[in-house]
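Visitor: Listed below are the residues making up each chain.
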Amino acid sequence: MSVNQGSIKCREIMQGSIAVAETVGALEPGVIGVYPITPQTHIVEHLARLVANGNINSKYINADSEFSAASILYGASAAGVRSYSASSSQGLLLMTEVIFNMAGTRLPAVFSAVNRSLSPPINIQVDHQDTMTLRDSGLIQLYVENIQEAVDTHIQIFRIAEDLDVLLPAMVCMDGWIISHAYEPVTLWQEEAIRDFTGVFFPPYEVNPQKPLTYGALTDDDKITEFKYMVDAALGRAEEKIIQVAGDFKKAFGSYHGDVVETYYTEGAETIILAMGSIAGTIKVAIDQLRAENKKVGLLKIRSFRPFPASRIREVLSGAKTAVVIDRSFSASSGGILGSEVKAALYQQNGPFIINYIAGIGGRELYPHNIKEIITESEKLSAAGTVPDKALFYNLNSALI
Amino acid sequence: MKLNLGGITEAGRSLKNHTGTWRYKIPVINKEKCTGCGVCELFCPDSSIVITGGLASIDETYCKGCGICVRECKLEAIKMQPEGEESR
Ligand code: SF4
Ligand code: SF4
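Protein chains in written order, with this note's numbering: chain U, 1087 to 1487; chain A, 1332 to 1419.
Next comes chain U alone, as it looks inside the complex (with noise of 0.2 Å):
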C-alpha cells in the first residue's frame, strides 16, 4: 500500500505506548483524566510529558483512582470537551459504572484499553478480559492487531464516537506488552493532518450556567426502553461510520487495516479462523506456512467487537466448512464470549461447523505452530462431525488441577 508521504511527520523504530500517546497528544483532547495502571501507565506518563513540556494545551488531571478518571472524562464530555484516558484491566473494571452512564447519557469520551488479564491471582500479562466484560455498556470497542493499526484507530476512533449519529464513548483495546511495550517501526502522521481529519467536537449540549440543564434524570419504566433502544440504534449505526472512517483514512493517509474486519486469504478457505488483537498477527504468520502447502486457511480478523459485524461475518464465513473462534477471554460456565456470539450470528445459517478455542489467558503464549496445531484438531472435529457444543480450553494443563 502506498502511504500518503505528505501526512508522514517521522517513520521510527518506537514502542507502542509512545506511538499512541504522541498520536492522542497530536489531537490535544481538552481533559485528560488519569490513574496509572500496568501496562498503560506509559501512554499516560508520556501525555504527561508532552503537557508539561508544554508540547499540548490539555488539562491534565491526576486522579484517586480509575473511578474518579473516568468521572472526570464525564463531565468534561458533558461540558463539550474532547477528552480522553487510558486504563487496563480491574482499572476498567472501575471505571465500568461510569462507562454505562456515558453511553446512555450519549457522552463521547475515548479511552485506550492496554488488555490485561483480570485478578485473581494477579497477572499483569494480556488477555481480553477486562476489556470483553465491559462489552454490553453501550461502549464502541476496536481491537487492534499491532502499533501502526494502534495509532491510525486511535485518530479514527475519535471521529467514529464524536459523530453526531452516535456520539457514544469508544476504546481502542490494544494488548498489553505485546503491543503497548514492543518496539515495532511505525509511521506517525503530522499533526495538521491528524486534526483535519477528526475535524473539531461540536457536542450536541454544552454546560452553561445561564442555561442549566438536568443530567442523569430519573426515568419510569414508560420511557426507558426507549432511552436505553436510542443507545442500541446508535452504537448499530457506529458500525457505518467505523467502515466510512477507515475508508477516508486510507484515503488521507494510504494506511488500511480492514473497517469492521479484516479478511485474509478468506476467499474460498474451508477453515476460516475469528480471532481479535495482536494475535491476528500471528495467525497470519501461520496462514502463510499453511498456504505455501496448499492448505485452504484463512483468518477473518474482527476489528469491531462492539458495533457487532454479525452479517459481515455471515457473509465471510458462509463457503467455508470450518470456523475456528479463538477467545482470549470467556463467560463462566458459558464459553469463549467472541465463540458464543459468533455462534448465534450463524444460528439457523446452515454454515459451518464452529470450533471455539479459549487460549492465550493471562498471557500464554500462543505462536504460528499453536495456531496449526489448533487448526489441525479443528478440521479434524469438523471432518468426523463431533464439534463440542462447549469451548475448549487450549493447553490446559489437567495436572496442575
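Just so you know, the hints here were simulated from the structure itself, not pulled from any lab data.
Below, computed lysine-lysine pairings styled on BS3-like, alpha-carbon distance capped at 30 Å:
| no. | chain 1 | residue 1 | chain 2 | residue 2 |
| --- | --- | --- | --- | --- |
| 1 | U | K1476 | U | K1382 |
| 2 | A | K1362 | A | K1410 |
| 3 | U | K1297 | A | K1395 |
| 4 | U | K1337 | U | K1095 |
| 5 | U | K1309 | A | K1347 |
| 6 | A | K1347 | U | K1297 |
Per label pair, the in silico range of CB-to-CB distance:
| no. | chain 1 | residue 1 | chain 2 | residue 2 | range |
| --- | --- | --- | --- | --- | --- |
| 7 | U | L1486 | A | A1342 | 54 to 60 Å |
| 8 | U | N1209 | A | E1414 | 54 to 60 Å |
| 9 | A | E1414 | U | V1293 | 35 to 41 Å |
| 10 | U | I1310 | A | V1401 | 26 to 32 Å |
| 11 | A | E1414 | U | K1314 | 28 to 34 Å |
| 12 | U | Q1330 | A | L1334 | 25 to 31 Å |
| 13 | A | A1342 | U | L1250 | 18 to 24 Å |
Partner residues are not named here, just some residues of chain U that face chain A (Cβ under 7 Å, in silico):
| no. | residue |
| --- | --- |
| 14 | T1191 |
| 15 | R1192 |
| 16 | P1290 |
| 17 | Y1291 |
| 18 | P1298 |
| 19 | L1299 |
| 20 | T1300 |
| 21 | Y1301 |
| 22 | A1303 |
| 23 | E1312 |
| 24 | F1313 |
Bear in mind that the values here come from a model prediction, so they are computed numbers and not experimental data. Glycine included, each C-beta is placed from N, C-alpha and C at the ideal position.
Keeping the supplied structure of chain U fixed, place chain A with the ligands upon it in accordance with the hints.
Guide: The following block gives chain A with the ligands in isolation, referenced to the frame of chain U:
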C-alpha cells in the same frame, strides 16, 4: 414528544415533576406533641418539611410519603395515614 438525546433535559424538572404524586400515605403532625425542633426538617430527603410558627408543616406537593420523618421524630409527633383519610 421526542426523547432528548442521553436523557439530558432542561434544569428545574422538579417544578413539573411533583414527587407528591408517588405518595399513598401522608405524614400528619400531632400539634400537641411537636416542639418544632427541626429534626424532621433536616432528615426529609425531599425538603418537604418546614418549621413555621414553632411547628413542622408538610409540603404536600413534594412529600413522597417515605416516612423517614416519622422514624426520626423522637417525640412520636408524626404518624403516617392513608392518603385522603388524614384528619386535619
Ligand atoms: S422532629 Fe418531631 S418534634 Fe421535631 S419538628 Fe419534626 S415533628 Fe416536630
Ligand atoms: S414522608 Fe418523607 S418526604 Fe414526606 S415529609 Fe416525611 S420525610 Fe419528607
